[in-house]
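> Could you put the whole structure together from the sequences, leaning on the hints where they help?
Protein chains: 2
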Amino acid sequence: MSTVMSTSCQPVLTLLESISGPGDLKRLSNQQLAKLAEEIRQAIVQSVAKTGGHLASNLGIVEITLALHRVFDSPQDKLIWDVGHQAYVHKMLTGRRDNFSTLRQYKGLSGFINPFESEHDSFLAGHSSTSISLAAGMAIARDHKGENHKVVAVIGDGGLTGGMALEAINHLGHIQKDVIIILNDNEMSISENVGGFSQYMKRIKETFFYQDIKAKIDQIEGQLDQKLGPGVWQLISAVKEQAKQRFDTPGIVFEKLGINYTGPIDGHDVGAMIDVLSKIKDQHAPQILHVITQKGKGYAPAEEDAIKYHGVSAFSLEKIEPLVAPKPKAKTYSDVFTETLVELAAIAPEVVALTPATAEGSGLVKFGKAYPDRFFDVGICEQHAVTMAAGMAKEGLTPVVSIYSTFLQRAIDQVIHDVAILNLPVIFGIDRGGLVEDGETHQGVFDIAFLRNLPNFTVVAPKDAQELRNILYTAVKERKGPLAVRFPRDKAVDAESFAPFELIDYTKWEMLHNGAFNCKIDSKANNVVLLAYGAMVEAAKQARIILQEKGIEITLINARSAKPLDSEMLGKLIADPSLTLVTLEEGCVSGGFGSAVLEFAAQSKMTRPTCGQSSIYCLGVNDQFVEHGARQILLDLNGLSPQKIAEFVACCRK
Amino acid sequence: MSTVMSTSCQPVLTLLESISGPGDLKRLSNQQLAKLAEEIRQAIVQSVAKTGGHLASNLGIVEITLALHRVFDSPQDKLIWDVGHQAYVHKMLTGRRDNFSTLRQYKGLSGFINPFESEHDSFLAGHSSTSISLAAGMAIARDHKGENHKVVAVIGDGGLTGGMALEAINHLGHIQKDVIIILNDNEMSISENVGGFSQYMKRIKETFFYQDIKAKIDQIEGQLDQKLGPGVWQLISAVKEQAKQRFDTPGIVFEKLGINYTGPIDGHDVGAMIDVLSKIKDQHAPQILHVITQKGKGYAPAEEDAIKYHGVSAFSLEKIEPLVAPKPKAKTYSDVFTETLVELAAIAPEVVALTPATAEGSGLVKFGKAYPDRFFDVGICEQHAVTMAAGMAKEGLTPVVSIYSTFLQRAIDQVIHDVAILNLPVIFGIDRGGLVEDGETHQGVFDIAFLRNLPNFTVVAPKDAQELRNILYTAVKERKGPLAVRFPRDKAVDAESFAPFELIDYTKWEMLHNGAFNCKIDSKANNVVLLAYGAMVEAAKQARIILQEKGIEITLINARSAKPLDSEMLGKLIADPSLTLVTLEEGCVSGGFGSAVLEFAAQSKMTRPTCGQSSIYCLGVNDQFVEHGARQILLDLNGLSPQKIAEFVACCRK
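The listed protein sequences correspond, in order, to chains A and B. For the first sequence, the working numbering gives the first residue as 1, with consecutive numbering after it. For the second sequence, the working numbering gives the first residue as 1, with consecutive numbering after it.
Taking beta-carbon pairs under 7 Å as the criterion, some of the chain B residues facing chain A (in silico):
1. 140
2. 387
3. 410
4. 416
5. 441
6. 455
7. 588
8. 602
9. 606
10. 617
Just so you know, these hints were derived from the structure itself, not from any lab. The structure displayed is predicted, hence computed values, not measured ones. Yeah, the Cβ is synthetic: ideal placement off N, Cα and C, and Gly gets one too.
Here it is as structure tokens:
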């Protein structure tokens with residue numbers, strides 16, 4: 001392979017351009033691979049600067065990825081990337097380099113791995129800690145079919161705190177299948193890492209704990225009388241050997257669980273990586289290779305603040321600042337949520353906050369700074385977080401669990417078994433409730449439907465920032481039982497300034513605009529009532545303006561409680577056969593808020609079968625997994641943009 | 001305390017009778033405690049022989065419980081029993097001895113711990129692996145409130161395989177809260193235990209791994225020349241000390257994770273237990289005490305077959321046989337499920353079976369015996385089981401996950417993220433779908449509502465054994481995508497003999513009895529259509545007989561698919577305003593099958609707003625957690641017995 005020299009002042013990414021698939025790596029020398037690594041870093045920084053994306057983790061994993069594709073043969077060998085947002089390098093090496101400008105755009109490259117995108121993506125992953133279970137399953141399938149390729153899971157030290165990864169290690173140690181685990185240890189998940197395991201691995205790196213024992217034995221040897229018999233020397237040598245075998249392994253915990261341990265090795269030394277991988281490739285038992293890397297490697301700003309550069313919006317390479325002209329940043333719902341918690345903590349000493357490794361994304365870092373003793377980032381452990389909160393609530397605290405809708409799916413049993421049955425006052429702040437740009441794995445569309453089925457639960461969503469604040473204030477004051485309050489990944493409505501906290505009955509709905517209901521306008525044009533849940537209130541308001549321009553007046557209700565429903569208001573609406581009710585929610589239509597309204601109507605009819613009823617239509621997210629792309633595009637695709645809502649209303653009037 | 005001698009030939013349980021609360025234990029000598037232990041064993045065997053219940057685990061934990069209540073002060077100190085079915089002794093010692101004859105009966109003592117029952121039950125537990133998270137939460141609350149009681153979690157080695165227990169250990173090692181973990185190691189969860197952890201603990205017991213190194217150093221010392229300088233001796237001594245500190249601990253894995261380890265000790269030596277507990281009570285860091293016990297201890301039949309005696313029905317003490325006269329045992333749905341899988345495995349080599357530690361309860365043990373290489377009991381690891389199955393399916397196998405409805409709650413995210421998004425052909429055999437006698441923690445009432453929300457999923461329930469067989473056969477043959485097939489914990493309908501396997505379209509409903517629909521009988525009495533899901537078909541059949549006796553004819557449909565609905569048949573039903581549809585499901589009404597029918601109707605109306613529609617009523621499990629008691633009682637309480645269904649139909653006819 002020839003190296004074409006650059007003729008312009010712009011460096012030409014010659015090596016990278018020559019790679020059309022992982023097979024092309026086999027021809028490169030270690031030196032060329034090191035150069036390629038630099039080119040890849042440049043390409044990633046330039047690309048992510050334009051599109052936004054996960055920067056630091058991908059800069060850290062360049063050499064690991066090169067070494068894996070050099071030693072293994074994808075797609076015959078299965079490379080499984082935990083979480084999948086660390087796979088940009090892998091994508092570049094497997095034919096997707098030219099599409100990188102479309103990363104995370106609608107219909108563009110996914111920000112995660114996805115088999116629909118490439119045969120080199122052996123599975124799909126957006127959530128953490130799944131790779132070892134997948135590898136175990138794939139290895140069993142391989143052996144069952146009598147094939148002999150390799151299965152390699154690449155997992156971060158953050159992912160290893162997830163219970164299912166530990167379940168998988170435990171099981172893999174038992175079944176002894178031929179699986180290679182690459183532990184990419186950068187001492188950091190999204191947030192700073194927590195847990196005994198993480199501290200243990202830190203100690204591995206700081207001191208190889210056999211070292212000083214060995215040094216002391218050597219000292220003894222040095223001082224021993226040379227006249228001692230050969231038996232003694234044999235014994236000393238035996239002790240040393242035994243000590244070495246048993247203790248000269250920093251990975252004793254893994255070894256004890258039945259996983260062969262190698263490491264730690266420098267994950268930025270591509271030659272060393274290739275050597276070690278080539279050796280362990282020939283073994284046929286579970287292996288873990290502990291690799292030390294630096295997040296953000298090679299890009300100074302990201303090296304210095306890897307958390308900031310975990311996931312970024314587009315930024316300027318020169319100024320290391322966002323491309324868009326700086327203006328006062330609009331507060332997100334996450335911001336309002338955290339700020340409110342900080343205020344509440346001051347007046348309610350029993351309030352504590354928990355997060356499963358999403359302290360940055362949820363803004364909860366601020367709470368941790370203000371109240372370090374009342375803040376618990378448990379790592380990627382949704383199950384533990386929820387049940388620990390239950391234990392806290394049982395003993396009189398008011399735990400607030402900040403959790404993304406999509407990650408709450410990891411702890412549904414704990415929500416039911418440990419929180420709901422005992423009716424404990426745990427507050428769930430459900431962040432990213434609704435559609436997000438990340439795609440299928442991250443859509444927060446199931447929480448309303450899941451939670452409203454649970455006895456004892458109250459399931460609400462505020463229309464704006466002030467309401468979010470009052471809901472939290474009321475819940476903290478009243479400590480009534482489990483409460484889920486959801487909000488979208490979006491800027492908060494009306495978050496410029498706040499009225500003082502106020503106790504509100506958040507299980508009651510709010511009439512925002514009375515177009516037809518309870519008033520005397522008797523016109524065919526006036527009989528649509530929008531029941532908007534949470535963020536949909538804002539969309540509905542805009543839809544109302546569009547409809548007004550067409551001369552259509554509607555009624556708009558802030559239906560902020562999905563469980564319980566406001567039976568008084570809904571009862572009146574249902575009983576009026578001249579009305580058409582349209583429920584709006586940013587969640588799956590199946591089993592969601594609208595479905596609850598239908599159930600209520602059926603129940604009403606059961607008690608008053610001869611009465612007329614209003615018509616009810618339910619709008620929400622369709623019965624399919626929603627791809628990645630800008631939130632507004634995704635909302636529109638699901639009929640939830642103001643335009644689409646207005647169109648529907650215009651059509652559905654009786 | 002005086003010991004009254006028995007005057008009859010029946011032994012009088014004198015010591016036990018003198019215990020009205022745990023405080024009474026403080027006065028007993030170790031010898032008396034040992035005698036009390038024997039009395040408790042007798043009482044448990046006699047009681048469980050009458051009522052059924054968990055026998056082996058409770059016999060194994062007698063001395064641990066005595067020692068805990070002797071050393072700690074419940075309820076000030078918090079004792080948290082993992083799973084909670086090992087708490088019979090605890091119940092006997094905390095004022096509930098006299099009610100033991102009501103164990104697991106409706107309105108009687110719960111089979112699990114439950115704070116509603118006693119202040120000594122510091123939490124509720126029916127599912128495994130929650131106790132360490134709860135203990136961490138309670139310890140944080142204690143410290144936050146400036147209290148100084150002790151928090152003790154008692155967990156089995158089986159419970160420790162659960163990911164959330166490992167998450168909790170990892171986190172506890174990090175936060176270093178004062179929590180004592182009693183690891184009750186009987187080398188067995190419900191099924192035989194699996195996992196690297198379990199094997200590791202086995203090795204702890206077999207050899208204390210520091211022993212032979214130490215022996216060799218001693219040997220060296222013996223042979224060393226006495227003339228060596230004091231420096232050498234100091235060094236040798238230092239090496240020994242260091243080796244001791246670092247390696248003379250069988251619990252090195254726990255120590256490395258930041259949990260102080262003590263053990264292993266004999267869990268049937270109550271004196272030793274008290275000594276050790278008294279010592280570690282005074283420490284203020286996370287502790288684990290590793291206690292070795294024997295399941296079934298003291299009752300020979302249970303010692304010999306602890307799995308058989310894990311949970312038992314009433315049995316005769318003399319014959320060690322069931323009290324009821326032996327008759328050919330009716331096959332359960334679990335039996336039919338497993339037998340079918342064994343048959344299918346013979347004709348479909350890609351079929352493999354997985355279970356998260358419920359091989360006995362689900363009957364899957366039989367599959368494991370027939371196909372040991374295609375059977376995977378992963379331990380109490382629902383998350384890992386589901387994602388491992390996803391990995392298998394991706395690589396061409398057809399994994400069948402046998403899982404209880406209530407435990408599936410532990411793996412909802414894996415079902416969504418790893419199975420549903422990629423539309424993988426994983427078959428979920430959802431056992432115990434519906435109401436069970438165990439109570440709140442074990443009710444299988446959420447699965448229909450959870451699963452029918454998921455894109456790509458097919459959610460079905462057979463009316464009888466033959467249909468279950470054909471569904472499985474078809475799914476294995478077609479490998480279409482994720483399928484959940486649910487059945488109750490009950491004897492199977494029509495399981496005496498089977499027709500050959502047949503491919504069926506299980507997404508189509510089946511008209512079982514056409515009373516009104518599509519026929520010319522035009523009578524007000526004839527317009528009710530029962531849409532019965534799964535086990536409710538049998539109840540509906542019986543309801544129909546009751547109604548016939550009253551002269552009421554109804555239409556009965558086997559609505560075996562909750563997702564997709566049979567749009568063709570349902571479309572016709574909905575369009576007929578003379579019909580009243582009643583959906584029947586053994587699951588929560590909120591968001592369930594009936595709710596899906598309501599959504600379909602609303603959708604139909606959307607496309608044909610001017611047409612009339614049938615009325616729809618939904619029957620299912622009410623919006624509250626269902627207590628323990630016989631299944632028939634619980635069904636009746638929720639309006640799902642044949643009598644209650646018939647009553648409802650008689651009332652709701654238009």
